[in-house]
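J.: Numbering-wise, UniProt numbering puts 120 at position 120 of the sequence shown, and it's gapless, one number per residue.
Hints are computed from structural coordinates only; laboratory data are not their basis.
It should be emphasised that the depicted structure is a prediction, and the values quoted were computed from it without experimental measurement.
There is no bait here: all hints are sound.
Here are the simulated SDA-like cross-link-like pairs (lysine to any residue), alpha carbons at most 20 Å apart as the crow flies:
(1) Lys128 / Leu43
(2) Lys119 / His56
(3) Lys128 / Tyr70
(4) Lys128 / Gly60
(5) Lys69 / Leu30
(6) Lys119 / Leu98
(7) Lys69 / Ile84
(8) Lys42 / Leu30
(9) Lys128 / Asn38
(10) Lys73 / Lys132
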Amino acid sequence: MPYQKIPKALRPLYLKGLPESRTLKQANHLDLIANYKNSAYKLADVEKLQLVFKRHNAYGHMGMRQFWKYNLKTISFHNPELPIEVQRVECETKDEQLKCPCLIKAHLKGGKVETIQAKDKHSDDIMKELIKATNAQKIAHEEIPLVLPKVQDRA
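All chains should be modelled from the sequences, with the hints used to inform the complete structure.
T.: This is the structure:
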């Protein structure tokens, strides 16, 4: 059966509000990388970031996984020279899973290391703690390169 475009009225709820064309979807995804909510910060005082968390999200690791999946992309986008190490631990038994660390180590200039415990925390709370621990500078909205408005102007 050939590809048929779904009429707007028949689109499922999870598709409503999303762009329909492939180009607009790609532009929207690029904009999310550049400007995910409350993640556009410049980490000037940080030499290296280390993330350690469990591969599976049970027992308090879901917030860290969401932070890694969404917030870290934007941090990496605005700090391209910042080395980021991610260590995802594979745990076999329940005891190992309960003991598995879930933390962020921010190696600051001058040799100081700030450790953020992220177990049982939401990704937004983890981001707030990282901002506070590293004295991160918020990037002005005008300085963030957005693709979607430029694509829509052409259309």
